[in-house]
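Based on the sequences and whatever the hints tell you, model everything.
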Amino acid sequence: QVRLVEAGGRVVQPGGSLKLSCSTSGFNFRNHGMLWVRQAPGKGLEWVASIGYDGSDIYYAGAVNERFTISRDNSKNTLFLQMSSLRMEDTAVFYCARHEFNGLDVWGRGTTVTVSS
Amino acid sequence: QSALTQPPSVSGSPGQSVTISCTGAISDVGNFDHVSWYQQPPGTAPKLIIYEVSDRPSGVPDRFSGSKSGNTASLTISGLQAEDEADYYCSSYIDRKTWVFGGGTKLTVL
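As you go down the protein sequences, you meet chains A and B in turn. Here my numbering is used: the first residue of the first sequence is 1, the next is one more, and so on. Here my numbering is used: the first residue of the second sequence is 1, the next is one more, and so on.
FYI, nobody ran anything at the bench for these hints, they're computed from the structure. It is possible that part of the hints are untrue.
What the hints assert, rightly or not - In silico BS3-like cross-links for lysine-lysine, where the CA-CA straight-line distance does not exceed 27 angstroms:
| id | chain 1 | residue 1 | chain 2 | residue 2 |
| --- | --- | --- | --- | --- |
| 1 | B | K68 | B | K106 |
| 2 | A | K19 | B | K47 |
| 3 | A | K76 | B | K97 |
| 4 | B | K106 | A | K19 |
| 5 | A | K76 | A | K19 |
| 6 | A | K43 | B | K68 |
| 7 | A | K43 | A | K19 |
| 8 | B | K47 | A | K76 |
| 9 | A | K43 | B | K97 |
Spelled out as C-alpha cells, the structure:
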C-alpha cells in the first residue's frame, strides 16, 4: 500500500524556521519526483516546491524562493522541506505528493504549520 | 506564474452533468497537455481524477472526463451523484519544471 505521511508541523513565530518531513512506503521512492503543495485556511491549493527523482531538477514557487529548501534522502525514502524566515502568510496545511504520469497521484494527509506570535 | 482561472462554484441535480472550466494562457494550459484535475471533499487530501488532460487513473469512474481547447481545459462530471460534492482543482505542469493550480471550484449537488 502506497503511503505518504507528513510530520513536523507546529506553531512557530514569524521569522522562525521549521523542517517538515514526508515518510513514504509501498513504492520505489527513488524512481519518483516529489512535490510539496500547501493550502492556506479556506483557500486553494498552491504548489510550493518540487524535486526530481535523484535530487536534481529542483524548482520553487516565487513566494517561497530563497526561504524554503526541498531535499530528499533516497536511502530513507523520505522527503523534506526546510522552511526559514517564516511569515504569517505561510500558515497552511502542507501536503507532500508523488509525481506520476505528469499528475500528482498520491498525497499525504498533510501537516499543519501555523505562523503566529 | 498566475493561478489558473476556475469558476468559484457550480451546481447540479443528481443525474445531471456539470462542466468545470480551467482557463490559463498559452504559456501553460495552451502549450502543454500536462493538465490534471483533483477532487477534494471537505477535510480530506486531494485525489487525482484526471491526468494528461483526459486520462483517468484506475478506480476513477468514467463519469469523470477531461478535455482541452486552446487555453482552456474542462472537467465534465456526468450522472452527478451526491458523493461528487467536493472542491475541484485543475493544475498545469509547465515545461516539466513548475506547477500551477486553479483557484478551485466548489461543486454542490442539489
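CA of K68/B to CA of K106/B, is that 27 angstroms or under?
-> Answer holds: K68/B to K106/B is near 20 angstroms, not above 27 angstroms.
Assess, step by step, whether the Cα of K76/A is no farther than 27 angstroms from the Cα of K97/B, and give holds or violated.
-> Holds: K76/A and K97/B sit about 25 angstroms apart, inside 27 angstroms.
Are the Cα positions of K43/A and K19/A separated by 27 angstroms at most?
-> holds, 23 angstroms
Please work out if K106/B and K19/A have their alpha carbons no farther apart than 27 angstroms.
-> violated, 32 angstroms
Does the structure keep K19/A and K47/B at a Cα separation of 27 angstroms or less?
-> This hinted pair holds, its Cα atoms lying about 25 angstroms apart.
Within 27 angstroms, alpha carbon to alpha carbon, are K76/A and K19/A?
-> Distance of about 16 angstroms is within 27 angstroms: holds.
Hint consistency between K43/A and K68/B [alpha-carbon to alpha-carbon, up to 27 angstroms] = Cα-Cα ~25 angstroms, so holds.
Is the straight-line distance between the alpha-carbon of K47/B and that of K76/A 27 angstroms or less?
-> Between K47/B and K76/A the Cα gap is close to 25 angstroms, so the pair holds against 27 angstroms.
Is the Cα-Cα distance between K43/A and K97/B 27 angstroms or less?
-> holds, 24 angstroms
Hint compliance for this structure: hint 4 is the single one not met.
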